[in-house]
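Top to bottom, those sequences are chains Y and Z. Using my numbering, you'd call the opening residue of the first sequence number 1 and step up by one each time. Using my numbering, you'd call the opening residue of the second sequence number 1 and step up by one each time.
Among these hints, one or two may not hold up.
Away from chain Z, derived, C-beta distances all over 12 Å, residues of chain Y [claimed, not checked]:
id: 1; residue: R9
id: 2; residue: P70
id: 3; residue: E83
Quick partial rundown of chain Y residues pointing at chain Z, CB under 10 Å, derived from the structure [said to hold, decoys possible]:
id: 4; residue: N7
id: 5; residue: H29
id: 6; residue: R31
id: 7; residue: Q37
id: 8; residue: A53
id: 9; residue: E56
id: 10; residue: F65
id: 11; residue: S97
id: 12; residue: Y101
id: 13; residue: G106
id: 14; residue: G108
Subject to a maximum C-alpha distance of 27 Å in a straight line, what follows is the list of computed DSS-like cross-link-like pairs (lysine-lysine) [as the list claims (entries may be wrong)]:
id: 15; chain 1: Y; residue 1: K57; chain 2: Z; residue 2: K2
id: 16; chain 1: Z; residue 1: K70; chain 2: Z; residue 2: K2
id: 17; chain 1: Z; residue 1: K42; chain 2: Y; residue 2: K57
id: 18; chain 1: Z; residue 1: K70; chain 2: Z; residue 2: K97
id: 19; chain 1: Z; residue 1: K97; chain 2: Z; residue 2: K2
id: 20; chain 1: Y; residue 1: K71; chain 2: Z; residue 2: K97
id: 21; chain 1: Z; residue 1: K56; chain 2: Z; residue 2: K2
id: 22; chain 1: Y; residue 1: K57; chain 2: Z; residue 2: K56
id: 23; chain 1: Z; residue 1: K102; chain 2: Z; residue 2: K2
id: 24; chain 1: Z; residue 1: K67; chain 2: Z; residue 2: K2
id: 25; chain 1: Z; residue 1: K97; chain 2: Z; residue 2: K56
id: 26; chain 1: Z; residue 1: K2; chain 2: Y; residue 2: K11
id: 27; chain 1: Y; residue 1: K14; chain 2: Z; residue 2: K2
id: 28; chain 1: Z; residue 1: K67; chain 2: Z; residue 2: K102
id: 29; chain 1: Z; residue 1: K67; chain 2: Z; residue 2: K42
id: 30; chain 1: Y; residue 1: K14; chain 2: Y; residue 2: K57
id: 31; chain 1: Z; residue 1: K42; chain 2: Y; residue 2: K11
id: 32; chain 1: Z; residue 1: K56; chain 2: Z; residue 2: K102
id: 33; chain 1: Y; residue 1: K57; chain 2: Y; residue 2: K71
id: 34; chain 1: Z; residue 1: K42; chain 2: Y; residue 2: K14
The hints are simulated quantities; they were obtained by calculation from the structure and are not laboratory data. The beta carbon of each residue, even a glycine, is placed where N, CA and C say it ideally should be.
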Amino acid sequence: DTGVSQNPRHKITKRGQNVTFRCDPISEHNRLYWYRQTLGQGPEFLTYFQNEAQLEKSRLLSDRFSAERPKGSFSTLEIQRTEQGDSAMYLCASSSSGAAYEQYFGPGTRLTVT
Amino acid sequence: QKEVEQDPGPLSVPEGAIVSLNCTYSNSAFQYFMWYRQYSRKGPELLMYTYSSGNKEDGRFTAQVDKSSKYISLFIRDSQPSDSATYLCATLNRDDKIIFGKGTRLHILP
Numbered sequence: 001d002t003g004v005s006q007n008p009r010h011k012i013t014k015r016g017q018n019v020t021f022r023c024d025p026i027s028e029h030n031r032l033y034w035y036r037q038t039l040g041q042g043p044e045f046l047t048y049f050q051n052e053a054q055l056e057k058s059r060l061l062s063d064r065f066s067a068e069r070p071k072g073s074f075s076t077l078e079i080q081r082t083e084q085g086d087s088a089m090y091l092c093a094s095s096s097s098g099a100a101y102e103q104y105f106g107p108g109t110r111l112t113v114t
Numbered sequence: 001q002k003e004v005e006q007d008p009g010p011l012s013v014p015e016g017a018i019v020s021l022n023c024t025y026s027n028s029a030f031q032y033f034m035w036y037r038q039y040s041r042k043g044p045e046l047l048m049y050t051y052s053s054g055n056k057e058d059g060r061f062t063a064q065v066d067k068s069s070k071y072i073s074l075f076i077r078d079s080q081p082s083d084s085a086t087y088l089c090a091t092l093n094r095d096d097k098i099i100f101g102k103g104t105r106l107h108i109l110p
């Protein structure tokens with residue numbers, strides 16, 4: 001297994017544009033999490049899926065953010081009408097449902113909104 | 001009060017020294033505690049997790065949890081320049097969400 005992968009690794013976009021990120025979890029993991037990390041801070045939880053069901057969304061996740069995991073495998077995170085405050089590292093992690101304490105992270109997608 | 005508090009550092013120690021990294025947490029219901037290592041512009045890497053109080057050792061790394069004082073520690077023996085990174089302490093809340101500290105930047109000086 002090659003671990004969690006994320007694409008793209010870097011994204012630069014203009015304010016107001018839409019962006020979409022992809023995460024491929026460890027294949028045997030049924031849980032997939034999205035986090036956001038800004039400079040000097042730890043990652044903050046955004047949302048998570050168990051199989052294809054989105055079980056929880058943070059209050060940090062405004063209406064401009066949407067995440068999907070249509071077949072219970074990879075997931076996408078879309079940000080509509082990006083704002084400069086959306087600039088951050090977006091991290092994906094996966095785990096088994098019985099071992100949420102053992103989450104493995106991908107390399108992240110660094111978003112810069114100009 | 002933040003749920004997990006961690007001194008951001010930076011912490012600089014000479015190569016070969018024992019490093020002690022610490023965090024406090026606020027909710028006595030937390031049971032799982034994790035340490036992640038994050039190199040610059042990379043994703044966090046799980047070093048180890050512990051359940052409840054006690055110690056756990058993995059090579060040069062020892063994690064310690066004291067639930068009576070709500071204190072979490074990570075010790076690194078025989079520190080190496082390659083250990084230079086940001087170390088994130090974390091805990092798991094009852095909704096299976098990880099709550100991270102801010103991270104401590106560690107520099108090991110050759």
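Status of the hints after comparison with the structure:
no. : hint           : verdict
1   : R9             : 9 Å, violated
2   : P70            : 22 Å, holds
3   : E83            : 22 Å, holds
4   : N7             : 13 Å, violated
5   : H29            : 13 Å, violated
6   : R31            : 8 Å, holds
7   : Q37            : 8 Å, holds
8   : A53            : 14 Å, violated
9   : E56            : 6 Å, holds
10  : F65            : 16 Å, violated
11  : S97            : 8 Å, holds
12  : Y101           : 4 Å, holds
13  : G106           : 5 Å, holds
14  : G108           : 5 Å, holds
15  : K57/Y x K2/Z   : 20 Å, holds
16  : K70/Z x K2/Z   : 13 Å, holds
17  : K42/Z x K57/Y  : 24 Å, holds
18  : K70/Z x K97/Z  : 19 Å, holds
19  : K97/Z x K2/Z   : 15 Å, holds
20  : K71/Y x K97/Z  : 22 Å, holds
21  : K56/Z x K2/Z   : 25 Å, holds
22  : K57/Y x K56/Z  : 33 Å, violated
23  : K102/Z x K2/Z  : 10 Å, holds
24  : K67/Z x K2/Z   : 17 Å, holds
25  : K97/Z x K56/Z  : 22 Å, holds
26  : K2/Z x K11/Y   : 31 Å, violated
27  : K14/Y x K2/Z   : 33 Å, violated
28  : K67/Z x K102/Z : 20 Å, holds
29  : K67/Z x K42/Z  : 31 Å, violated
30  : K14/Y x K57/Y  : 26 Å, holds
31  : K42/Z x K11/Y  : 15 Å, holds
32  : K56/Z x K102/Z : 22 Å, holds
33  : K57/Y x K71/Y  : 19 Å, holds
34  : K42/Z x K14/Y  : 24 Å, holds
The structure fails hints 1, 4, 5, 8, 10, 22, 26, 27, 29 (numbered hints given earlier, in ascending order).
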